[in-house]
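> These are the residues of each chain, in order.
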Amino acid sequence: MVDKVFIAFQNNSEAQPIVDAILADNAEAVANETPGIVKIDCPGRLVVRRATVEEKMGREFDLQEIHISLISLGGNIDEDDDEFVLAWNS
Amino acid sequence: MSIELKTTSIDPVRKTFDHIAEKIGPDKAATRYQEAIWGLQPIVNQHYRPTWQPEKQLYDASRTQILMADFDDLIDPRQYYYGTWTIQRGKQQDSQEKNFSFVESRGLLEQLDGRWTEKIHQLIIPMRHVAWGANTNNSYIAAYGFGAPITSAAAMHMMDHLGIAQYITRTGLILGNNSVHVLDDAKALWMDDPVWQPMRELVETAMVTKDWFELFVLQNLLIDGTLHPLMFEKFDVLVSQNGGAAFSMMNEFAIEWFTESSRWVDAVIKIAIEESEPNREHFNQWAAQWLPRVRSAIVPLSGLAFDDQGDRVLNEVFDGMNARLSKLGITG
Amino acid sequence: MAKDKRMGLKEKYAVMTRGLDWETSYQPMDDVFPYDKYEGIKILDWDKWADPFRLTMDAYWKYQSEKERKLYAILDAFQQNNGQLNISDARYMNAVKLWLQGITPLEYAAHRGFAHAGRSFRGAAARVACQMQSIDEMRHAQTQLHAFSHYNKFFNGMHGFAHLRDRAWYLSIPKSFFEDAMSAGPFEFVTSISFAFEYVLTNLLFMPFVSGAAYNGDMATTTFGFSAQSDESRHMTLGLEVVKFMLEQHEDNVPIVQAWLDKWFWRGYRLLALVGTMMDYMLPKKVMSWKEAWEIYWEENGIALFNDLSRYGIRLPKHHEVATKEKGRVTHELWSTLYQYGNALGLHTWVPEDEELDWMSEKYGELFDTMYRPRLLHFRAQEETGKRYFNNRLPMVCQVCQIPVFFTEPDDPQTQCVRIVEWADTKHHCCSDGCADIFNREPEKYVQALIPPQQIYRGEAGGARDIFEYAEWLHLVKDVDTGEYHGSPDHLNWEAWKAELPTPQANSDEAA
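Chains as they are written, first to last, in this note's numbering: chain Y, -11 to 78; chain R, 164 to 495; chain X, 11 to 522.
A portion of the hints provided could be inaccurate.
[Unchecked claim] Some chain X residues flagged as far from chain R (calculated, every beta-carbon gap over 12 angstroms):
| # | residue |
| --- | --- |
| 1 | 30 |
| 2 | 58 |
| 3 | 95 |
| 4 | 119 |
| 5 | 262 |
| 6 | 316 |
| 7 | 332 |
| 8 | 369 |
| 9 | 377 |
| 10 | 396 |
| 11 | 399 |
| 12 | 401 |
| 13 | 419 |
| 14 | 436 |
| 15 | 447 |
[As the list claims (entries may be wrong)] Straight-line Cα separation of at most 30 angstroms, DSSO-like style, residue types lysine-lysine; simulated pairs:
| # | chain 1 | residue 1 | chain 2 | residue 2 |
| --- | --- | --- | --- | --- |
| 16 | X | 163 | R | 186 |
| 17 | X | 58 | R | 350 |
| 18 | X | 80 | X | 47 |
| 19 | X | 437 | X | 373 |
| 20 | Y | 44 | R | 254 |
Keep in mind that the hints were calculated from the coordinates and are not lab data. Note that the structure is a prediction, hence the values are computed from the model and not measured. We treat Cβ as the ideally placed atom computed from N, Cα and C, and that holds for glycine.
All chains, full assembly: derive it from the sequences and hints.
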């Protein structure tokens, strides 16, 4: 079994396009909601793509803006201007 | 004032926390600043000696010779807690960012006479290392100071200096069209150029100064209190007068910040001096010991910045410092 | 000269941070950075440090000011609109009390600890990461105080937290935990707090508990909790980075790091028993049980993390299987203890209502129904006959984690687990093999621990001769700040406010 990475956001309208983008770009991603939180689990690797978020938001988006609504994550991070990737290496 | 509810009797049972009420009286409402800083640091019942300094406790008032009945008295006149500080810095960053992009997009720094560009390379860009030294020294005060008022404000000061170091870096990158050579050259000057060596020696000496209040005086009052006016007031004005208004826009934050943060530096020292005569003696001694060294570290920089006017400007800056010291009640 | 107009995030960060430092020559580097070698961690190249979140101060100020503006706007509205009336039930407030007394002080301690680490490492990028965390932790302490400030005006138990923090027996649990980390060297400190605590364990605090705060109508805690957690993501990442960095730098670092992970996993796990108890017992409306949270955040996410580190030769932390065996009982065992020692607590305890007991049966199954439900029902029966049970003796606490020695044997929930350790001809008690191992590795450290019940016996608690005098010395007002919830001023005020009746004058002035 491949270990899951995860990322969690505040469950609000600001984070919604980011969550939508992640679910669109990661076929195996699953969103779980508890009050105030949406946690997305995904086996092995998960990517947040700037272009997809921008499409969902209808405006320019800097990936560092995810800090505003990010709650937690699990996985090794690799971030550049276009992609924010979470992955386990093993 | 609470919004009107159907219930008329939802009255608070107290105004604030006990330790705040002890300082301001039980019937007063506390400010957010007071609730954010007082009583935060433990003093009693510390469990283990630090393995990195077993002769002291984790929180230990004896890391400075300054004695205070209550270190919580070292309050910040700006009343900065994290929220007010970061919101203020956010606004300033916004404005500074606009300056950078205005100057960069119009190539305004390129219009500057080469003579002045050269001086900025030699004098301003290496200042990023001075700011980094100040960051290091304020992290020392945040780590080993006593009481949340001083450690909280020192931590903000530490980040402010990192911000200044990075703004100077931006200036360097704009000057050099995003080439890092500008920064490498400035670092080489910092490391080896005779003009900078006395200052580097002083900053490194500050980095091994153990008494955090002495370090506060040396770094935040004496070094910053002379070097900033020299570079970001006197030199900045000179460049502006010679067609470099754009350069001044690069320094907006550093200029504003110096005036603002000096209020804090002065207030903390003044409170400690007013606490006792022995405290005042320590400040007198530190000023007497360090001011001449700070001056000799700045002499070559003033000479390079102002050529034959170097001595005159240097005297103005140190006259300003002496006036500041006497206002604080320090006889240097 | 290469003309590159747009600088990428990675390059920008490198230029903005790394070039700033220099090799000192007027003072030896070892004098400027005296604390980053004695732990035995070998660093060959500080430039190999990778910075996952490449925040420069411009971006930091931009995003943090935006977060603070939002947070204080909500806190202002919360205070102006009597937001305290929106919580599910005043029993919930006791979780907030424990947070203010036990967790908020750790945020300040973290500020200091990270300032120490942020001064100690000779690598610039590592220092900047620690410094940012230092100021963030100050943020967390202050936003929590500002959120709780309003609750303190309406509920008891919070007014004297600063006095209580350094003296109360149950707050010695979090305090000694953090002082243990701070008194270690900077590498161990960052491993303990950023990695073991924040990466591995605090998801258990901030995710289910803050979600629970949201569910229980606590706008103030929810707001700072989630806002703080966005900083926490950076801090967790720092934790993972420092561990990987040490492991990659030198193979000699591996056993040192493994020993720290063993120690801090257990130390953090024990501390979180308090959080688990908050989740299971103090949230009137439940979101997730401790057991479920443990399964998600440790058995799934935590183990994934350790699997990832196995390529460096790191194995799962020692005694992790014990923690998993205990997942069905720690919160019940701890609540029962808090319930009994209620006369020396700055918060109230109670027996949960029937529907809560049913929820626990559903979540915890047979063990709950055979062991813990009968005990709770027994307490309730005593209370109903006017003999609410209090244990007014002083508990014996573990020399390491400082929790009273009441946990049970890993394979036998009916037998109390006690381990005797010895150093310099003196015997000490530990609650578990995990804590005994920690003691035996550094006995000279743990014999320094201040053990509140022993201090009381030695007369070091204001000369208090019994638990009531001790509570008084803690500035706790009997039955106002302490004791049973039902019938307490908090309870009566709450009922009155909810019924829109005049407030009873139930609060006596705080003892001087």
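> If a hint holds in the structure, say so; if it does not, say that too.
Checked hints:
Not every CB of chain R is more than 12 angstroms from the CB of residue 30 (chain X) (nearest about 4 angstroms), against its label as outside the interface. With a least beta-carbon separation of about 19 angstroms from chain R, residue 58 (chain X) lies farther than 12 angstroms from that chain, consistent with its non-interface assignment. The beta carbon of residue 95 (chain X) is not kept farther than 12 angstroms from every beta carbon of chain R, the shortest such distance being approximately 7 angstroms. With 12 angstroms as the threshold on Cβ separation, the claim that residue 119 (chain X) sits away from chain R is violated: the shortest Cβ distance comes to roughly 8 angstroms.
With a cut of 12 angstroms on Cβ distances, residue 262 (chain X) stays outside the contact zone with chain R, its closest approach being about 19 angstroms. Listed as outside the interface, residue 316 (chain X) is consistent with that label: its C-beta sits roughly 27 angstroms from the nearest C-beta of chain R, beyond the 12 angstroms cut-off. Under the 12 angstroms C-beta cut-off, the non-interface status given to residue 332 (chain X) relative to chain R holds; the minimum distance is some 25 angstroms. Non-interface status of residue 369 (chain X) relative to chain R is upheld: no Cβ of that chain comes within 12 angstroms, the nearest being about 31 angstroms off.
Against the 12 angstroms criterion, residue 377 (chain X) stays outside the reach of chain R, whose nearest CB is about 34 angstroms from its own CB. Residue 396 (chain X), annotated as away from the interface, keeps every beta carbon of chain R farther than 12 angstroms; the closest lies near 27 angstroms. With 12 angstroms as the threshold on Cβ separation, the claim that residue 399 (chain X) sits away from chain R holds: the shortest Cβ distance comes to roughly 28 angstroms. For residue 401 (chain X), the condition that its CB be more than 12 angstroms from all CB atoms of chain R holds, with the nearest at approximately 23 angstroms.
With a least beta-carbon separation of about 28 angstroms from chain R, residue 419 (chain X) lies farther than 12 angstroms from that chain, consistent with its non-interface assignment. With a closest Cβ-Cβ approach of about 17 angstroms to chain R, residue 436 (chain X) is found to remain outside the 12 angstroms limit, as its non-interface label requires. The claim that residue 447 (chain X) is not at the interface with chain R holds, since no C-beta of that chain comes within 12 angstroms of its own (minimum 17 angstroms). Between residue 163 (chain X) and residue 186 (chain R) the CA atoms are separated by roughly 17 angstroms; this keeps the pair inside 30 angstroms, and the hint holds.
Distance restraint check for residue 58 (chain X) and residue 350 (chain R): the Cα-Cα separation of roughly 21 angstroms lies within the 30 angstroms cut-off, and the hinted pair is therefore satisfied. Distance restraint check for residue 80 (chain X) and residue 47 (chain X): the Cα-Cα separation of roughly 42 angstroms exceeds the 30 angstroms cut-off, and the hinted pair is therefore not satisfied. Taking the CA atoms of residue 437 (chain X) and residue 373 (chain X), the gap is near 39 angstroms; set against the 30 angstroms cutoff, the hint is violated. Taken as a hint, the residue 44 (chain Y) and residue 254 (chain R) pair is honoured in the structure, with Cα atoms around 28 angstroms apart against an allowance of 30 angstroms.
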